[in-house]
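Visitor: In case you want the letters, here they are:
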Amino acid sequence: MNPDSVFNTLDISHYIYLSSVLFCIGLFGVLTRRNAIVLLMCIELMLNAVNLLFVAFSSYMGDSAGQLFVFFIMVVAAAEAAVGLAIIVMIYRNTRSTDVGLFDKLKG
Amino acid sequence: MTSLLILFLGAIVVLYYGINKPEGKSLLMTVILLLAALSSLVYDLLTVKNRNVLGWLTEYVPENMLIWNFNSIAFSIVLVLAFLLVLGLFSRNNYIGADLLGLMLFSVCGGMLMTSFSNLIMLFLGIECLSIPLYVLAGSKKSDLASNESAVKYFLMGAFSTAIFLMGCAFLYGGTGSLELESISRATSMITHLGIKSNLIFSGIILLMAGMLFKISAFPFHFWSPDVYDGSPNRTTVFMATVVKIAAFAAFYRLFNEGLGDVKNWWGVTLAVSAGATILFGNIAAIRQSSFKRMLAYSSVAHAGYMLMAILALPQNGFWALLVYLIAYTSSAVSVFYLLDRTSGENSNFSFDNFNGLGKQSKWLSLILIVSMFSMAGIPMTAGFAGKYGLFSSIITSYPWLLYAALIGSAISIAYYFRVFKHAFFSEDGTLVAWKIGTMEWIFLALSLTITLLVGCWPAVITLCK
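Protein chains in written order, with this note's numbering: chain A, 1 to 108; chain B, 1001 to 1466.
As a list, the in silico DSSO-like pairs of lysine-lysine whose alpha-carbon atoms are at most 30 Å apart: (1) A:LYS105 with B:LYS1141; (2) B:LYS1142 with B:LYS1025; (3) B:LYS1153 with A:LYS107.
Hints listed in this document are in silico derivations from the structure and should not be mistaken for laboratory results. Remember, it's a predicted structure, so these values are computed and weren't measured experimentally.
Required output: the full structure, derived from the provided sequences and hints.
Guide: Structural data, given as structure tokens:
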């Protein structure tokens, strides 16, 4: 049996549900976790859910614009992670911690 | 298009030239680049009807990515002008590390992509190109814990809201089958005419709106912005309050009013509720602040609420009202932030007491403080009044209850805007250290004062270029 045929039997709605669930897992992680590195990973999970959805729609509609968008998202996510990790390293040097719950100097 | 290329190539040069050097020459280079970009934009604006604005670049640029029509060029001009004002007034520190200017230029390039996008890919790239340098700028005081905190908060919230925005793009792409603004507009208007309810498009629009509300810091997604504004270095804060806000509102306006205007009954009420809540919350929270900088941060949240009205208005009214309000807010905010920066001296205490005795020090600075505060509160004869009048009259028939919320908010705002006058003019124990004001600073202070008064007395001056 051709392994492709499993994917051909899947409806587009399956992809929508899967990526919505992945997106919500990432969202839940961002709202509940306190470690900055884990927060970054949760945001990456949300972005990858978006990528999956774009590729699924793109292939379903036979339109290449969605796949083009995915390349841009991946490149920008890498740039963003680089800057974000640099910021987290800078903070770790000053406070010896990456717990975002400790950042309460600014309030009011 | 030429202006974008000038800024982008110039940013690379400034970035590499400036590493570990004081700002002197890089600042001059940046100002020259901005003037060149500004003149190119003005030329584009004057000739926009007669020719294809892409000009000699037509064959190299994919035409469905950026659009240079009257609206996008006008927003870009305001953007570049705001950056010029910021640089002119915040140049005294002569920081070591002139590469920060290069990062600011990249950020402005991102802002210009946001004002002139015609494809969601370009909007996304614009938002990121605007935000990523800003994360670095917010944390540019490396050993200051407040700056660190604001950088990490801004980064996490920015990346989070981008993910939500992208999910909206994906749903909208699935629902309409295209990423181009024009095709999306056509598809959504067809769907309305046929009376179909599309869940994909609806959830896409709601997610896009949530992402954009995060970016402009509107209720209920405003909680990050006072902390970020408070902790960032002063020049970065004023950059966020003016340049970033202009770019974000231009993008929001073009996406929702021009692109998705035909399905306003799907998102109009939600946005109106958010606008009303933003105005009331921003103004009430600003009253309680004892720090002047934090008060300005909350007042900027409230101003974002007023500007959301332009997105609910009919296209032409909304555009002019938004443009006037952006100019009014920028010209007054820049001079108020300048006074805040100078009165606080070298320390990072920004309480109202810093202004004690400003009235005795200089008559001209007092005039600038009074006019800017009047303009922010919306007193007649200043630009803020013209902007508020335009915004309020553009929604008066469609959302009258929002108008009541806005009027109550404006009344509250007078209380905290005028509180600084008590410190500046009626306080005896002045600890203020007089500072020397350079020629460049006088020129730019006079420029912002002139804009505030001119637009206030004669708002039609803005429409002359049409």
